[in-house]
Amino acid sequence: MGDADAPLAMPQGTLDLLILKTLAGEPQHGWAISQRIQLVSSDALRVQQGSLYPALHRLERRGWIKAEWGASDNNRRAKFYALTRKGRAELDSQTSAWRRLTLAVGQVLDVG
Amino acid sequence: MLDDLRYRLRALFRRAEVERELDDELRFHLEQHAALDERAGVDREEARRLARLALGGVDLTKEASRDVRGVRILDVAARDLRYAVRTLRRSPVFTAVAVISLTLGIGANAAMFQLLNALVLRPLPVAHPEQLVEVGLPETDLDKARGNQHRYPAMTNPQWEALRARQEAFSGAFAWADDEFNLAPAGEVRIAPGLWVSGEFFPVLGLAPAAGRLFTPADDRRGCGLPGAVVSYDYWQRELQGDPRAIGSAITVESRTVDVIGVAPRGFTGVQVGQAFDVALPICARTAIYPDSKILDSGTDWWLTVMGRLRPGWTLARADAHVRTLSAEIFKTTLPSDYPAVSVKDYLGSRFQASSAVTGRSYLREQYSSPLVLLLAMTALVLLIACANLTNLMLARGSVRARELSLRLALGASRARLVSQLLSESLVIVAVSAVAGLAVAQGVSAGLVRLIGASRRPIVLGLDPDWRVAGFMLATSATTCLLLGLVPALRATRRAPGDALKAGTRTTTADPGGLSLRRILVVAQVAVSLVLVVGALLFARSFQNLLSEPLGFEARNVLVLGADLPPPAPSPEATAALRRDLRAGLRAIPGVLAVAETTVVPLSGTSSGNTIWRDGSIREQGVNTNLSSVSAGYFDTLGMRLIAGRDISDADDATAPKVAVVNETFARKFAPGGSPVGQRFWIEATPRRPETLYEIVGLVSDAKYRRLQEDPRPVIFLALAQHDPSGRGGTWLVQSSVDGRALAPAVRDALHRVNPRLLFVMRSLEREIDDSLVRDRAMALLSSLFGVLAALLAAVGLHGVVAYGVERRRREIGIRLALGASRRTIASAIVRESGWLVAVGLGVGLVLSLALAGTARTLLFGLEPNDAGTVTAAVIGLAAVALGASLIPARRAARVDPMTTLKDD
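Here the protein sequences come in this chain order: B and L. Counting in this note's numbering, the first sequence runs from 1 upward without gaps. Counting in this note's numbering, the second sequence runs from 1 upward without gaps.
Everything labelled a hint here was simulated from the structure, so no lab data went into it. Errors might be hidden in some of the hints.
To be verified - Across the chosen pairs, the derived CB separations fall in these ranges: (1) Gly56(L) to Thr14(B): 16 to 22 Å; (2) Lys66(B) to Gly56(L): 22 to 28 Å; (3) Ser41(B) to Gly56(L): 36 to 42 Å.
Unchecked claim - So the derived list for chain L, only partly shown, Cβ under 8 Å to chain B, looks like this: (4) Asp3; (5) Asp4; (6) Tyr7; (7) Asp24; (8) Ala64; (9) Val68; (10) Arg69; (11) Ala540; (12) Gln544; (13) Asn545; (14) Ser548.
The structure displayed is predicted, hence computed values, not measured ones. Here a beta-carbon is modelled for each residue, glycine too, at the ideal position from N, C-alpha and C.
Please put together the full structure from these sequences, using the hints given.
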């Protein structure tokens, strides 16, 4: 088996869910989102920074998040992303889908 | 969905802004990341490097982000187009040549198509035109119909009324007839196109008034008097200044005062394509305008066109069957009591038929649709030749850029990408040319309409582009683009990557295939232009034949004068007096040499005829012969030669024995070998005249009667005073020693002195004959233009290929010259080579021309489509032009300086 401490490779589509969850609180810019995901997941999940921005833009195109330019903590111009109503609904449905999936997979693994 | 679209649109149209934002966003990320590491004590440069590394490459991230935008294909296309524009800008001469030649080519095609569309394809501008159906007699029945056929085809008013009462196929049916109305209150006539319409005309067409109201069936009742006039939108704007208060005001129509009750909707010019109307009157008003007219009850005046709108659920076939079934009853009830007995059986056996009227009816269409199709084919061929030239240029550019393309292929560019990039160039060229071409087409088609519009009846065609024109433009442009770009693009990217690199700067061995393809193109160009040159010569010679066709009379300085008193008609005695006074008044004008009256102005397109048979034989042996009623001095006025006997004289009046003068063709048929003078014949009865016996008193030389194109036909001239004594006036021919225009003021004065109430119209006979040749003139002019253009384009193409060949062989030529070949030998070798191309092209073109020339047969006069002299002249002419074009590069080849050429390497 692999190294228990190595960051996990993320399953397809998970990044979207994590971004949505991260934005559930307040609007954040890209850098903050990547930092926050890493922080909250105790470094277990490493977000490929290169894939973060295309993912953000994809979510924006779908209308789940919207972007706005604002000032960062150190007073620099930054692009802030916020969850839209559509995005919030999507977060809820994806979260419950994820829960059901992990539960089901867990059950199968436990039986084994 | 909407968010998505908005996002993509922004990505597409605000690309720069979106890109800048992406830059800013990523820069911010990198700065934050670097700052983090810097605070941890990492060196600044190193921190930046680490940040970029963590992001996984700025450009890759950007690309991934661009992919997400979902406008990738368009993005690439936009980039290709920008690249193409840049490339084209670098070769302005090529671009200008390409755009100008394609603009003209596409413009000419678009112009022809627009005309064809307006005349043939476009449905009438009314609601559901596809439901409109015309009801009329087939040609076979009409040819046997007796009486006055005012228009063709048509039916009589009693027939229309019977049909209207009985038909069930249509939710509504209407009748109409076009006419010319004089709108001037007095004096010189002002002719305006007019319409007689039944009350159902506007309602069934589903038209709403632009102002006032339109006629309804309630307006069109027998004995309606003058219920008013409906004017066209154009007339309202032009003559009444678009004033709403004009409704209720009076205008003069045929010397009667009529109230304007309404204005037809904008864009509606009647159901006759090519001819607009100014004023429409209800059919019932005919008796109010012409009190003597019995046309509403006449069973022998064929003047109305009948159309209907199909009842829901009825097909054309069912309507056709229905009107056929009705016919027997209708023809039985409407049989006129005075109908010539021999023709009664034909009348009763006639059957109406129904045909689609979706595009209305058009005399212009019958005349011009086949010339237009032919002209469109010509412009298409010209465009094809122009395309071949540009393909040639593109091929040449392709071989110049061979190195660049090879390099890019070697560096991993896919062939599809390169082809699409090269195609973008032709796309840009064609798109610009198509837009410019459409603009050119507007001017050209409007100019052509003016060219073919005779002075008397202007042609009105709706030429604004519609979806058909748009589709045609799109198809033409796409085809042009592919013709232009695809072959050169495929060829330029075909060679293995690196090939051109290996060949180095000298391309003596590369691209032999390119040259052979270009030779094939030149052969095709020569072949196609021969077809066009043959066409041009055919039409030019046909027109020349028409111009030099002897008329048989002298039209120069002859004024045609129509003069009438307003209705009602005066007594026969008063008419006779008017005629006498008129002739005397006209004769008294200084410069006037001769004056005569006639019922048929030669070559005006009108004719008259009846069945005649020799005295002593029977009516059944009679033949239909053209008639013309003339006054004394007619032959003199037109310079026709009296061969035997005497002219019609003033003594041949109503009380004298009936006399006739016949022409030579008649004499040859009627009295072969002998003189016709003294012989007698009968003319069949008409509703106005009983069967009458005439004696031939004179023989006159042949002259054209109805059309310039006709063969000599038998014509009988009758004494006007005996044959057509009544009426409100007539038509005079005035021969003078001066031009008609100079005579006009004196004629006006003379007419005013004779009777101030006279209405009159003047035109020049020469001009009128000229106008009748307008179609032939247009064909000769346009086909000559296209022929010259085709020959020039082919010459340019040939010159290009030969010059290119010389350029490629410069070194070889240099060596041969250095080895002692004479310059003459070199030049003649070059010319010989292009001579082969031209010969093959001419051979193919000859076969094509002979195969295609037949399509022009009906439009030619005085020569056959495969006229040997014409074809030979075309071949020689084109060969001369082509060889001339190849002489230029051949001479350049002969001037090659061996020293410089050899030193170059």
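_Hinted contact aspartate 24(L) with chain B - closest CB pair below 8 Å_ = Since the shortest Cβ distance to chain B is 7 Å, the answer is holds.
*Does glutamine 544(L) meet its interface restraint, that is, does its C-beta lie within less than 8 Å of any C-beta in chain B?*
Violated: closest Cβ of chain B sits about 71 Å from glutamine 544(L), beyond 8 Å.
*Are serine 548(L) and chain B close enough, Cβ to Cβ, to be under 8 Å, as the hint says?*
Cβ of serine 548(L) sits 76 Å from chain B, so the hint is violated.
*Going by Cβ atoms only, is alanine 64(L) closer than 8 Å to chain B?*
OK, holds: alanine 64(L) within 8 Å of chain B, min 4 Å.
*Regarding the hint that arginine 69(L) lies at the interface with chain B, is the smallest CB-CB distance below 8 Å?*
holds (7 Å)
*Going by Cβ atoms only, is alanine 540(L) closer than 8 Å to chain B?*
violated (65 Å)
*Is the distance from the Cβ of glycine 56(L) to the Cβ of threonine 14(B) consistent with 16 to 22 Å?*
Once the Cβ atoms are compared, 18 Å apart, the range 16 to 22 Å for threonine 14(B) and glycine 56(L) holds.
*Go through the hint on aspartate 4(L) and say holds or violated, using the shortest Cβ distance to chain B against 8 Å.*
holds (6 Å)
*Given tyrosine 7(L) as an interface hint, is the shortest Cβ-Cβ distance to chain B below 8 Å?*
At 4 Å from the nearest chain B Cβ, tyrosine 7(L) passes the 8 Å test, so the hint holds.
_Please check whether valine 68(L) passes as an interface residue: C-beta within 8 Å of a C-beta belonging to chain B._
With a closest approach of 5 Å, the valine 68(L) hint holds.
*Note whether the CB distance of lysine 66(B) and glycine 56(L) lies within 22 to 28 Å or breaks it.*
holds (26 Å)
*Taking 36 to 42 Å as the hint, is the beta-carbon distance of serine 41(B) and glycine 56(L) inside that range?*
Violated, since serine 41(B) and glycine 56(L) (Cβ atoms, about 19 Å apart) do not stay within the stated range.
Hints 3, 11, 12, 13 and 14, counting from the list given before, are not met by this structure.
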